[in-house]
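Enquirer: Spelled out from the first residue to the last, the chains are:
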Amino acid sequence: MLKKIPKWNLVLFVIIVLEILVFGMMNPRFWNTSILLNSFNDFVPIAIIGFFLTLVVITGGIDISGVSIIGLSSVVTGLLSQTAGLNIWAAVVCAVLTGGLCGLLNGVLIAYARVQAMVITLGGMLLYSGIAIVLVGLSGVSTYEGFTGFPESFGQMANGEILGLPNAVIIFFILFLIAYILLHRTRFGRYLYLTGINQNTAEYAGINTKRVMMTAYVLSGLSAGVAGVVLTSYLGSARSDYGAEYLMPILTVVVLGGTLITGGKGGVVGTALASILLGFMQIGLQMAGVATQYIGLATGVLLIVSVAFLGINPDFRLNVKRIITHKQNGG
Amino acid sequence: MGKLKSMKLLILVTIVMMFVAACGSKDEGKSDDGGAKKDKKDIQVVFIPKMTGNAFFESGNDGAQEMAKKVGFKVKYDGAPEGTVANQVQIINSAVNSGADAIAISSVSSDGLNQALKKALDAGVKVVTWDSDVDPKYRSVYVNQGTPEILGKMLVDMAAEQMKNPNDAKKIAWFYSSPTVPDQNAWVDYANKYIKEKYPKWEVVTTQFGDANEQKSLQVGGSILESYPDIDAIICPDSTALPAMAQAAENKGLKAEDVIITGFASPNSMRQFIENGTIHNHGLWDVKDQGALAVYIAYWLAQGNELKVGESIDVPDMGSVKVEPNSIQGYDYTADDSGIIVLPERIVFTKENTNDYNF
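Keeping their order, the protein sequence lines are chains A and B.
The working numbering applies: residue 63 is where the first sequence begins, and numbers increase by one.
The working numbering applies: residue 25 is where the second sequence begins, and numbers increase by one.
Incorrect hints may appear among the rest.
[To be verified] Derived contacts from chain B toward chain A, CB cut-off under 8 Å, selection only:
#, residue
1, Asp102
2, Ala110
3, Val113
4, Gln114
5, Ile115
6, Ser164
7, Pro224
The hints are simulated quantities; they were obtained by calculation from the structure and are not laboratory data.
Glycine residues also receive a C-beta, built at the ideal position from the N, C-alpha and C atoms.
This is chain A alone, in the form it adopts within the complex:
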């Protein structure tokens, strides 16, 4: 039973437990369950994009445009509901779909035109944030302040709670489940892995790898749209610069979660654990008295150390053994 749990996830889990223990000893308030649960609010957008970025990374691609789609989706929500007077929930659906559309553009160009994913999504990142700023400008609202005055029910989406569980936690688990089922319980999920391991082989095996890849980017775009809506609801206003500071944390949770950046290996459970780990670390360090501006340092160390550890996988050890034995044979 235990052997089925990948070792890396277990390591992440242990680190989370250690975090709770150590930070709790530094500031006992950290052991307050409601504080821990409420801290989900501050990293749930990172986790949401992280889940679906994991799918993209498994195919061997990358998508860094998500951080700009957050801002765009937020602005679309604000523009449609506040300026155009659309029902807020209709505006939300449109905003999420806008995210999907951005993902589709990325996906078509990457899968069918075979342009490098990094180039396309870098361009996308600039393009979508540009569109967001233009939209704000068109509506006559200043980029500095953004749209405000959302109805209470919309604010409740991220700020409320159900049965004592903050909605952010529920959103986290719903999106985690969707990503988990897609990746680990469907044929599409298996295709994602196969495409990532070797696209040509997968293609010869009769998998429409282009469509698989494109779908992954669409999902990633949709998830960024959802993250933008969640952030807008949480903060109570829509601005084009939302998400701008999330690029590194998002990549961090995916890599820290054990997904190989070269594709073919990984999973969303790791991403979920890594985002909790990172989120708890942020709040834990703050509660231990570390100033926010220095927390990036700790994140960086964690990332490098963990990737170094990940590097010491069986393949690596085998290689080392080979080199050593080779040398011995040679000598």
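Chain A is fixed; fit chain B onto it per the hints.
Expert: Below, chain B without anything else, positioned relative to chain A:
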């Protein structure tokens, strides 16, 4: 087999840790009840700037830390390098979670922090704002650098006193951060009224915005000089716009005799322009005093003192400050426990006194 054993051990350790954690949270509940009778020295105020690494806010922090040392309480300076709403919300949340007694914040948005501040107030944390205010419903005191009347008049007077004949027709321009930033717009609104009354021949030819971005401000500053070569005065009530405007003028070789540039910025950022003759004067309030006053008021509230509008509070080294009603800033919301403290003085910096200040 060995592997399985170590796994089992791991799980066991985890469970034990969980238990410890669970016990811990019970203890925490007890200590919370006793929180009200906290020692004064243990009161913690979290001092939050719009962003870190900006001379203005770092100086505010210097003042806050000095006050904390003198009176004997704790001030934690906590801000993120990027001044975004999400970052400030996260910092407020963590301040509340970590058991801070009060926060003193310069807000990046007039309503983006409402939810977070509401949670802070619900948790019993006192909220004081300084420099840039939020919705008055969500804070007790705003430590104000000056009402729109005071600052608007000051801006116009700083420009007028440099003119030989201020009553003649003059072309002036406004240049600050954004069309919706609450404080600066309020000053400029009043200043325009004041111009109409006192200098009716003046004409405001343009109002430009730099979004508090250094690069953009420099571009905008350059374009003002190019589009209006006959401009008489450019007034920049923004700490990013003013140095950028002065830099743009310097790049074009213009001196204070050619075009009057004035506004609000810290003396450290403007000293070089005063010394090389690009500008004659500029103004600001003592931001160190503002930071010190903000954390002291936060500390005072955290002791359980009741705030009443109209009464005065004694502040070490600053004398007694009066709590004014919200209406002096033009707010509709008034309550007994929500007010504004206006800094007692503002400073005009010139060649003579700029070296006396370090912030």
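Enquirer: Indicate, hint by hint, whether the structure satisfies it.
Expert: Hints and how they fare:
1. Asp102: holds (5 Å)
2. Ala110: holds (6 Å)
3. Val113: holds (6 Å)
4. Gln114: holds (5 Å)
5. Ile115: This interface hint holds because 6 Å falls under the 8 Å limit.
6. Ser164: violated (21 Å)
7. Pro224: violated (30 Å)
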